[in-house]
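Q: Chain residues, written in single-letter form:
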Amino acid sequence: TGGHTTEILRLLSRLSESYSPRHYILADSDEMSEAKIRSFEQKRAETFSNSQFTLDRIPRSREVRQSWSSSVVTTLYSMLYSLPLTYKLKPDLILCNGPGTCVPVCISALLLGLLGIKRAIIVYVESICRVETLSLSGKILYYFSDYFIVQWPGLKEKYPKSVYLGRIV
Amino acid sequence: FRFKDSLAQDLRRADLVISHAGAGSCLETLEEGKPLIVVINEKLMDNHQLELAKQLHRDGHVLCCNCSTLVETLRSMDLSTLKPFPPGQPEKFALFLDKVVGFQ
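Going down the list, the protein sequences come from chains A and B.
My numbering puts the first residue of the first sequence at 1, with every later residue one more than the last.
My numbering puts the first residue of the second sequence at 1001, with every later residue one more than the last.
Think of the hints as simulated: they come from the structure by calculation, not from any bench.
There's no promise every hint is true.
[Claimed, not checked] Okay, derived cross-link-like pairs now, DSBU-like style, lysine-lysine, Cα gap no bigger than 30 Å in a straight line: (1) B:Lys1099 to B:Lys1034; (2) B:Lys1092 to A:Lys43; (3) A:Lys158 to A:Lys139; (4) B:Lys1099 to A:Lys118; (5) A:Lys88 to B:Lys1083; (6) A:Lys161 to B:Lys1034; (7) A:Lys43 to B:Lys1054; (8) A:Lys139 to B:Lys1054.
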């Protein structure tokens, strides 16, 4: 969604073309992100001739401020979509930065890893808006990601297993 | 105006920006190098949404006030005290990720 998309596209902006093809997963209710992504990929295709990407949607797993208990239900529902999608894509690397959408995708990837089907590296970058506290997705994925990146030193202190590279968006 | 797709044009022409504490607004403004006054309305906003505005204020990048102190802030402000906001460095992320996945 919105700010998350802008941030993740900035994170992608300096990646080499070895990170290809790129598979974007969006929430079904997200309208603006698709345009931003297509614009980004179009510019990229002007520089790198073999640039490839796909775009898929899954049901939004959590509304802002939705209660914890109902979020579990909606996340499980989203997993009915994210699990087959992740199985189809079999990603080597998952990059996410906090929208609720990333939780079902990452859980699906973890399951596929546990079942020995495909082991993906999960890299989570917490939003630059998070200075003192983690988002709900962050609190969950801090324990399940391979690399958890924060953008402010205060968070690095609170979450010692995280990686601090300074501001990267 | 009500809602526009992008405020980028207006932002570039502005000499001073007065905004709510939304992260997108703050960052977009600072990246354009415009002086920014953030108006904080604690009743409307989540605590976490204020985190960034507070940090930017602590680091000297923005002026802060609330609705009732806005006029006073505009009268007494010294924009030269605001520090420039350096851009983020996604290249550091790229370097890190290359190491992680083994593209050296």
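Q: Could you grab the alpha-carbon distance between Lys1092 (chain B) and Lys43 (chain A) and see if it respects the 30 Å cut-off?
A: Holds - the C-alpha atoms of Lys43 (chain A) and Lys1092 (chain B) are around 21 Å apart, at most 30 Å.
Q: Do the alpha carbons of Lys161 (chain A) and Lys1034 (chain B) lie within 30 Å of each other, as the hint requires?
A: 36 Å, violated
Q: Compare the distance between the alpha carbons of Lys88 (chain A) and Lys1083 (chain B) with 30 Å, and conclude whether the hinted pair is satisfied.
A: Distance of about 49 Å is beyond 30 Å: violated.
Q: Check the hint pairing Lys43 (chain A) with Lys1054 (chain B) against an upper bound of 30 Å on the C-alpha distance.
A: This hinted pair is violated, its Cα atoms lying about 35 Å apart.
Q: Would you mind confirming whether the straight-line C-alpha gap from Lys1099 (chain B) to Lys118 (chain A) stays at or under 30 Å?
A: 21 Å, holds
Q: Mind checking the alpha carbons of Lys158 (chain A) and Lys139 (chain A) for me, to see if they're no more than 30 Å apart?
A: Holds, because 12 Å separates the two Cα atoms, which is no more than 30 Å.
Q: Check whether the Cα positions of Lys1099 (chain B) and Lys1034 (chain B) lie no farther apart than 30 Å.
A: 36 Å, violated
Q: Between Lys139 (chain A) and Lys1054 (chain B), does the CA-CA distance stay at or below 30 Å?
A: It holds: about 22 Å lies between the C-alpha atoms, which stays within 30 Å.
Of the hints listed earlier, those the structure fails to meet are numbers 1, 5, 6 and 7, in rising order.
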